[in-house]
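Number of protein chains: 2
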Amino acid sequence: MQNFDFYNPTRILFGEGRIADLDKQVPANARVLILFGGESARKTGTLAEVRAALGSRTVFEFAGIEPNPSYETLMRAVSQVKENQVDFLLAVGGGSVIDGTKFVAAAALFEGDPREILFTFGRTLRQAMPFGSVLTLPATGSEMNDGSVITIKAQGAKLPFMNPLLYPVFSVLDPTKTYTLPQRQLANGVVDAFVHVMEQYLTYATDAHVQDRFSEGLLLTLIEYGPDAINNKDYTARANLMWVATLALNGLIGAGVLHDWATHAIGHELTAKYDIDHARTLAVVLPAMLQVRREAKRSKLLQYAERVWNIREGSEDERIDTAIARTRAFFESLDVPTRLSAYGVDADGISAIVDQLKVHGMVALGEHGDVTPEISRQVLEASL
Amino acid sequence: MQNFDFYNPTRILFGEGRIADLDKQVPANARVLILFGGESARKTGTLAEVRAALGSRTVFEFAGIEPNPSYETLMRAVSQVKENQVDFLLAVGGGSVIDGTKFVAAAALFEGDPREILFTFGRTLRQAMPFGSVLTLPATGSEMNDGSVITIKAQGAKLPFMNPLLYPVFSVLDPTKTYTLPQRQLANGVVDAFVHVMEQYLTYATDAHVQDRFSEGLLLTLIEYGPDAINNKDYTARANLMWVATLALNGLIGAGVLHDWATHAIGHELTAKYDIDHARTLAVVLPAMLQVRREAKRSKLLQYAERVWNIREGSEDERIDTAIARTRAFFESLDVPTRLSAYGVDADGISAIVDQLKVHGMVALGEHGDVTPEISRQVLEASL
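Going down the list, the protein sequences come from chains X and B. Just so we're aligned, residue 1 is where the first sequence starts under our numbering, counting upward by one. Just so we're aligned, residue 1001 is where the second sequence starts under our numbering, counting upward by one.
For the record, the hints were derived by calculation from the structure and aren't laboratory data. Treat the hints with care, since some could be wrong.
What the hints assert, rightly or not - Here are some chain B residues pointing at chain X (derived, C-beta under 10 angstroms): (1) Gly1015; (2) Arg1018; (3) Asp1021; (4) Asp1023; (5) Asn1084; (6) Tyr1204; (7) Ala1208; (8) Gln1211; (9) Arg1213; (10) Leu1247.
Said to hold, decoys possible - The calculated label-pair distances, taken between Cβ atoms and stated as ranges, are: (11) B/Pro1160 with X/Lys233: 36 to 44 angstroms; (12) X/Asn29 with B/Asp1355: 51 to 59 angstroms; (13) B/Asn1231 with X/Tyr274: 36 to 44 angstroms; (14) X/Ala63 with B/Ile1152: 23 to 31 angstroms; (15) B/Pro1160 with X/Lys24: 44 to 52 angstroms; (16) B/Thr1206 with X/Arg307: 49 to 57 angstroms; (17) B/Ala1028 with X/Arg123: 20 to 28 angstroms; (18) X/Lys24 with B/Arg1031: 29 to 37 angstroms; (19) B/Ala1052 with X/Val363: 37 to 45 angstroms; (20) X/Arg123 with B/Asn1003: 33 to 41 angstroms; (21) X/Arg294 with B/Thr1206: 37 to 45 angstroms; (22) X/Ser333 with B/Arg1184: 48 to 56 angstroms; (23) X/Thr322 with B/Gly1369: 28 to 36 angstroms; (24) X/Glu313 with B/Glu1374: 28 to 36 angstroms.
All C-beta atoms in this analysis are idealised placements derived from N, C-alpha and C, irrespective of residue type, glycine included.
Extracted from the complex, chain X is given alone in its bound form (with noise of 0.2 angstroms):
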């Protein structure tokens, strides 16, 4: 195990109606801004139920923070806090969303151009606003962390900063909340979480044992509930998916291992750009990555076929094949296409992807740093 450290002061309200307990969780006096994205919080009555749990207190709105929220849209709502002496941010929605906020909370305070958060990954925060959190959709795991992505449209790129400041002082997690939700997104929410898991996980031994259980016992929940909490409005499935999500990116089943997080650099240049949902090309990319980089992960790999996916006959080999096949089968199975062809790219349209990976510096990827562009292009081959 490596040394670490771990802090996370965020507190968590989870469970059907815990909206109301907003009153207890906001300054008395508070100026709020409620930030959300499209009109659905609107419409799904989830911002009057947060409105009426704020009670007389202030309230302004922002409306239209868009997924992989810009840095363009983040600074009008940027201005408005500035505009109404705001003092109290309330992010209403998905990653995206509270991302958005993270970065409203810390640039509205920031002297100099905002920019520079990101530039400098939020090292150089001095302070932030303080801001809270209601979940509509389990996925990122942004509502107890202190990271964010932001992408600088102007640019087409897709910046991460974090910083202890931008912890949530409070989420909501209400599971109920996802009833409205569209079946691609909760596929994709399921998406996201394993694939957070495996980036701390699937490495190499370094005999973090509990780590290990814990991240396995993220997955196996994923892949028991996952389908449920996609397919019905059950609330046990919806709960478990909820909570999983949010414990795969808190900072718990990473604290003394050494992260990979490739897939994710190499999934955050297709959206950009080829615009394909977050979740989508990590499903692409990771079944591509454990093949490309079996050797370097075959302990883990090993491990992961057997714990995960109870496979315990045939040559190490073997074990290691079918235990990608069986998370690529598992993406299928949500509806979640595993292949770059099934999204209109073609071989051709790789080497733009490894360009803009140099450009943006991720040219020693992954956990021993040994990911060069050579061989993301190689694991982009391997996943058309």
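Starting from the structure of chain X, add chain B where the hints point.
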């Protein structure tokens, strides 16, 4: 899954050499009181290492916090805090020292009789001093939770209390600090952590599937690496034991599920009356509790048998019997006796324990609140 709040702001500094980081965690101008137990903290050099990390801060020492820390002892520490205008507490030791420090943190700022803190289970606390810990004995989880158990010697009572003000600001978990521990204390730590998990896991099915997987992961890690951690100065085994013991009682696996804690309630009386090590009382009570309450716990016992002990053959009752027997055998394999008779308590000694349970209001224990004193008697008789 039941509705729950999860909140745990303690910062964990994990790994060899982390005591040096105290300098960054304790306020630069703090007047610090270091609280510890016996002289082992001094002899092993840990105290000197802590003082060195604290640099030029004004530091006082309070030695002599005993196992099952007493109100009487701790009030002397409270006096020292007040006399010396101490404003930061630092516990150096195991669960008893940290539990005791929590009481000092609460009592030093309490207006009125500090025993009220215990009589009200901590509910009435309005403030507490900030404190950190340097953990030397993995077992109780006190380093990352807000609970504590204090004995009032004059009343022969062990009284639990908790309050969110009592989370340590930080805890240093350096596995090498366990190298000087006697095997008996390490074995107690493994049993203590194991039973902490069981009190939250082995109740009945509540569809909290990810919590179940996490609990099973903790149990499996204790079974696989506990013996090695006790018998060898092996960093990996000690590190996994240390992190497991913390995760066993930091709120994570207990979120969204009903808890039992009947084993602890009975165990506390055995310690108070017969001075048996806390963990050893748990090793005595748990197997008998599972036996006596097998019907109420049937579905979870079957799950435990399959997932933790890999028992898949035989009738339901045979599988349950085997799982309980394996649990008992695991404790015995660590040289922790699981029969009351091994501690010199015979049938005549049981009534005194049942009487004490009544005196302390422990008359409706367990996840269903149906463990009456009569059932506690049956449990104790089954543990002879």
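Checked hints:
Hint status for B/Gly1015 relative to chain X: holds, with the closest Cβ pair at about 3 angstroms, below 10 angstroms. Taking 10 angstroms as the C-beta contact cut-off toward chain X, the hint placing B/Arg1018 at the interface holds, the least distance being around 7 angstroms. Taken as an interface hint, B/Asp1021 checks out: its beta carbon lies about 9 angstroms from the nearest beta carbon of chain X, inside 10 angstroms. Annotation: interface hint on B/Asp1023 violated; nearest CB of chain X at approximately 15 angstroms, more than 10 angstroms.
Violation of the interface hint for B/Asn1084 is found here, the shortest Cβ-Cβ separation to chain X being roughly 30 angstroms, above the 10 angstroms cut-off. At a threshold of 10 angstroms, the smallest CB-CB gap from B/Tyr1204 to chain X is about 15 angstroms, leaving the interface hint violated. For B/Ala1208, the shortest C-beta to C-beta distance to chain X is roughly 8 angstroms, which falls under 10 angstroms, so the interface hint holds. Evaluation of the B/Gln1211 hint against chain X yields a held restraint, the C-beta minimum of about 8 angstroms falling below 10 angstroms.
Because the closest C-beta pair between B/Arg1213 and chain X is about 3 angstroms apart, less than 10 angstroms, the hint holds. Among the interface hints, the one on B/Leu1247 holds; its C-beta lies about 7 angstroms from the nearest C-beta in chain X, closer than the 10 angstroms criterion. A hinted range of 36 to 44 angstroms holds for the C-beta pair B/Pro1160 and X/Lys233, which are about 40 angstroms apart. Between X/Asn29 and B/Asp1355 the C-beta distance comes to about 54 angstroms, which sits within the given range of 51 to 59 angstroms.
About 56 angstroms separates the C-beta atoms of B/Asn1231 and X/Tyr274, a value inconsistent with the hinted range of 36 to 44 angstroms. In this structure the supplied range 23 to 31 angstroms is violated for X/Ala63 paired with B/Ile1152, their Cβ-Cβ distance being about 58 angstroms. Range check, B/Pro1160 to X/Lys24: about 25 angstroms between beta-carbon atoms, so the 44 to 52 angstroms window is missed. For B/Thr1206 and X/Arg307, the Cβ-Cβ distance of about 24 angstroms falls outside the hinted range of 49 to 57 angstroms, so the restraint is violated.
Roughly 22 angstroms separates the CB atoms of B/Ala1028 and X/Arg123, a value that falls within the hinted 20 to 28 angstroms. Between X/Lys24 and B/Arg1031 the beta carbons are some 35 angstroms apart, a value that agrees with the proposed interval 29 to 37 angstroms. Taking 37 to 45 angstroms as the suggested C-beta distance range, the pair B/Ala1052 and X/Val363 conforms, at roughly 42 angstroms. The beta-carbon spacing between X/Arg123 and B/Asn1003, approximately 37 angstroms, falls within the hinted interval of 33 to 41 angstroms.
The hint said 37 to 45 angstroms for the Cβ distance between X/Arg294 and B/Thr1206, and at roughly 39 angstroms that hint holds. At roughly 52 angstroms, the beta carbons of X/Ser333 and B/Arg1184 sit within the given window of 48 to 56 angstroms. Between X/Thr322 and B/Gly1369 the beta carbons are some 48 angstroms apart, a value that contradicts the proposed interval 28 to 36 angstroms. Between X/Glu313 and B/Glu1374, the C-beta spacing of about 52 angstroms breaks the proposed range 28 to 36 angstroms.
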